[in-house]
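S.K.: Respectively, the protein sequence lines represent chains A and B. According to full-length UniProt numbering, the residues represented by the first sequence are 1 to 307, in order. According to full-length UniProt numbering, the residues represented by the second sequence are 1 to 420, in order.
Bear in mind the hints are in silico, worked out from the structure with no lab data behind them. Just so you know, not all the hints are guaranteed correct.
Quick list of the computed label-pair ranges, beta carbon to beta carbon [stated by the list, open to error]: (1) A:Asp53 to B:Lys228: 32 to 40 Å; (2) A:Ile60 to B:Glu405: 47 to 55 Å; (3) B:Ser240 to A:Trp146: 46 to 54 Å; (4) B:Asp69 to A:Asn122: 49 to 57 Å; (5) A:Ile292 to B:Gln239: 53 to 61 Å; (6) A:Ala18 to B:Ser45: 46 to 54 Å; (7) A:Phe30 to B:Lys228: 54 to 62 Å; (8) A:Trp146 to B:Lys343: 29 to 37 Å; (9) A:Trp146 to B:Lys228: 35 to 43 Å; (10) B:Glu405 to A:Met116: 52 to 60 Å; (11) B:Lys218 to A:Asn122: 32 to 40 Å.
Beta carbons: idealized from backbone N, C-alpha and C, even for Gly.
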Amino acid sequence: MAVVDRAARKHRWDTKFAPYAYVAPYFLLFGVFGLFPLLYTVWVSLQHRNLLDSDGAYFIWFSNYHQLLFADPYFWNAMGNTLSLWLLTTIPQILLALGIAQLLNRKVRTRTLFRMGVILPNITSVAAVTIIFAQLFGRDFGLINWVLDLFGAGHIDWQAGTATSHIAIATMVVWRWTGYHALIFLASMQAIPASLYEAATLDGAKGWQQFWRITVPLLRPQIIFSTIIATTGNMRLLAEPLLFNPGAAASTGGSDRQFQTAALYLYEQGFTNWDFGYSSAIAVVLAIATVIVAGLGYLVTKRIQTD
Amino acid sequence: MRPRAMAIGCAALATAMVLSGCGSESAAGGKTKLTIGLFGNFGYSELLKEYASTHPDIEIQDRTASYSDHHKNLAAHLATNSGAADIEAVDTGYIAQFKATPDKFVDLNTKGGGQLKDRWLAWKWESSLSKDGQQIGYGTDVGGLAICYRRDLLEAAGLPSERTQVAALWPTWQDFMATGKRFQANAPAGTKWFDGGPTVLNAIVGQAPVGYYDKSDKLTLGNNQEIKQGWDLVVDGVQSDLSAKLLYSTPAWNTGFKQGQFATVTCPAWQMAKIKDQAPDTAGKWDVTSVPGGGGNWGGSYLTIPKQGKNVDKAVELAAWLTAPEQQARVFTGAGLLPSTPKLYDDPAIVNYQNPFFNNAPVGKLFTDAAKQLQPQYQGPKAGDVQTAIGNAMQRVEQGKQNGEDAWRQFVGDVQKLTS
């Protein structure tokens with residue numbers, strides 16, 4: 001009797017605690033690499049702290065935030081650029097990805113090749129992509145200006161203007177990420193039963209109507225997912241604006257900060273000014289802004305009609 | 001960096017640490033592996049090979065990055081106490097900022113640096129000395145100043161091209177701009193007088209008796225007439241369409257050398273190595289002559305030893321060897337970097353050296369004369385960042401975004417923010 005009892009108790013322990021043990025590795029890793037850096041950033045953001053002189057740091061509580069939010073036009077300039085780039089990257093990305101997925105969802109020859117092809121930009125190095133695009137957008141010898149010249153449109157100094165620099169940077173991001181989202185949409189499109197389209201065809205719905213009335217509503221969860229992923233990525237663009245303007249002034253994002261994103265401003269404050277506390281405060285504010293913008297994106301995409 | 005990205009970065013770093021032991025470690029076969037972090041072209045590749053062959057127990061790895069990446073990475077590695085090379089080069093523009101935290105570096109005075117002190121120009125030694133007298137770096141080169149110019153382009157515009165005649169065209173910077181206007185009137189299509197406003201301005205600032213900071217580390221911009229007059233002069237040059245509007249050390253500027261987009265460029269000694277690297281096809285078309293205004297300095301570097309290294313003593317030994325006069329002489333004849341050791345300024349091997357790439361210009365005589373005339377300028381804590389800010393301001397004028405006065409006003413505001 002006693003033996004059975006002990007085994008039963010052991011079994012209870014097992015069922016009670018084993019699940020926690022199974023998920024523990026994830027939470028341990030998350031704690032070390034996710035939660036700890038997050039809290040540490042918040043802690044540093046409350047200090048006046050030089051990057052190289054952590055012993056000399058002291059608490060100034062919310063002074064960094066006060067300075068940032070109420071007395072720093074360059075921060076708001078950077079936030080404005082971030083939001084502009086978010087719009088210019090996220091919306092074209094989702095729309096183009098839907099279009100590409102629709103095209104790939106047909107019976108074409110070598111479609112596996114095409115499907116693999118769209119993901120290629122995504123697996124190339126962001127630094128290489130940016131350097132090559134920066135050359136394409138070059139002022140004097142860039143390919144794009146050369147083509148514009150052929151049509152008599154003249155040269156554009158892409159880096160000098162606010163709009164032109166944002167367009168150039170958005171192009172790099174869209175080129176790199178559209179294929180990724182297209183594959184996600186494509187996978188879900190293939191799960192839509194053909195009977196829906198057949199019924200719609202019998203009712204006389206044209207291809208365009210079928211796309212907007214059947215395909216897009218049924219892709220709603222994937223569109224929400226893609227919007228959120230794209231938002232979190234595009235709100236912290238760093239490599240593209242940094243490498244678009246190489247040289248000693250790279251971290252200011254143009255001569256007049258015309259394409260300095262919030263992440264780039266954070267980088268400038270942290271690694272040029274060595275103001276680690278201020279830089280951390282920017283990181284915290286940017287994280288909060290990203291959550292808000294992602295929430296907005298969620299609310300908008302949720303409104304896609306499903307009935 | 002956002003927390004998520006930070007997490008990924010940390011994970012990657014942790015993996016790398018496990019795999020590589022993060023930083024210097026003993027290589028296989030009992031060899032000591034020394035890493036050396038450089039930027040641009042220090043002319044060390046032959047010397048490092050030679051050192052490794054005469055020291056069989058040492059293996060050297062050269063990590064060269066771009067100018068701004070190098071200094072930002074160094075700051076990050078010092079902050080995290082991990083990842084720095086055993087020897088790290090630091091440029092004049094950044095040395096004051098780094099020497100403010102001398103505890104991150106080996107004090108070379110405790111490693112026999114005191115005995116070597118007399119090798120260097122006195123001001124070179126002092127500019128890497130911390131407030132409390134810790135020496136954080138051995139001097140490599142000094143910049144000096146000259147002008148590199150394209151003989152063929154000057155001839156095409158009907159100007160003289162012999163170096164003494166060319167030097168006679170521009171005793172002052174005003175003359176330099178006036179000559180530019182003559183050049184531009186007959187210039188070959190697609191060619192401007194100088195590469196970009198920021199480059200010219202850096203040379204003019206480098207000649208001022210007082211730079212962006214006075215010796216008490218106070219900013220001088222409110223009353224520094226030399227810098228403001230230089231600014232106005234360059235703005236006038238830009239507005240007279242003399243500038244190719246290329247920012248130095250960018251890919252577009254490098255292309256400019258190949259395409260002959262400008263006829264002159266400010267030439268500290270280290271610039272010669274850059275031109276040769278960027279546009280090898282233009283050999284013989286370039287020449288070097290003296291700079292308007294005379295004297296002045298731009299750039300020059302130091303080799304520092306971060307304390308976090310595991311082979312500090314061997315690194316100190318290598319840094320001392322690389323900066324010894326014998327090696328600096330070879331760097332000068334190899335890559336053109338001007339020695340910071342005055343003993344060499346009268347050495348016939350240096351003084352008589354002519355650079356074949358630059359039409360056999362007597363660069364030995366030219367630069368040692370410049371070095372002897374050189375009045376050292378005090379570099380304050382953020383001189384490098386102030387230089388970046390004034391470069392941005394000049395670019396705003398070049399891009400037509402602002403006029404000279406507005407750009408200057410914004411620059412002064414930026415600098416106050418930078419140093420507040």
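S.K.: Just tell me: holds or violated, for the beta carbon distance of Ile292 of chain A and Gln239 of chain B against 53 to 61 Å?
M.R.: 45 Å Cβ-Cβ, so the 53 to 61 Å window is violated.
S.K.: Does the Cβ pair Lys218 of chain B, Asn122 of chain A satisfy 32 to 40 Å?
M.R.: Hint violated: Cβ distance 51 Å, outside 32 to 40 Å.
S.K.: Indicate whether the distance between the beta carbons of Asp53 of chain A and Lys228 of chain B respects the range 32 to 40 Å.
M.R.: This hint holds: roughly 34 Å between Cβ atoms.
S.K.: Range hint 46 to 54 Å: satisfied by the CB atoms of Ser240 of chain B and Trp146 of chain A?
M.R.: 28 Å, violated
S.K.: Indicate whether the distance between the beta carbons of Phe30 of chain A and Lys228 of chain B respects the range 54 to 62 Å.
M.R.: 55 Å, holds
S.K.: Indicate whether the distance between the beta carbons of Trp146 of chain A and Lys343 of chain B respects the range 29 to 37 Å.
M.R.: About 53 Å separates the Cβ atoms of Trp146 of chain A and Lys343 of chain B, which means 29 to 37 Å is violated.
S.K.: Verify the CB-CB distance for Asp69 of chain B and Asn122 of chain A against the hinted window 49 to 57 Å.
M.R.: 25 Å, violated
S.K.: Looking only at beta-carbon atoms, does the pair Ala18 of chain A, Ser45 of chain B fall within the given range of 46 to 54 Å?
M.R.: 59 Å, violated
S.K.: Would you say the C-beta atoms of Trp146 of chain A and Lys228 of chain B sit inside 35 to 43 Å of each other?
M.R.: Once the Cβ atoms are compared, 40 Å apart, the range 35 to 43 Å for Lys228 of chain B and Trp146 of chain A holds.
S.K.: For Ile60 of chain A and Glu405 of chain B, compare the CB-CB distance with the range 47 to 55 Å and indicate the outcome.
M.R.: The hinted range 47 to 55 Å is violated for Ile60 of chain A and Glu405 of chain B, with Cβ atoms some 36 Å apart.
S.K.: Do the Cβ positions of Glu405 of chain B and Met116 of chain A conform to the proposed distance bound of 52 to 60 Å?
M.R.: 57 Å, holds
Violated hints, listed in ascending order, are 2, 3, 4, 5, 6, 8 and 11; each of the other numbered hints is respected by the structure.
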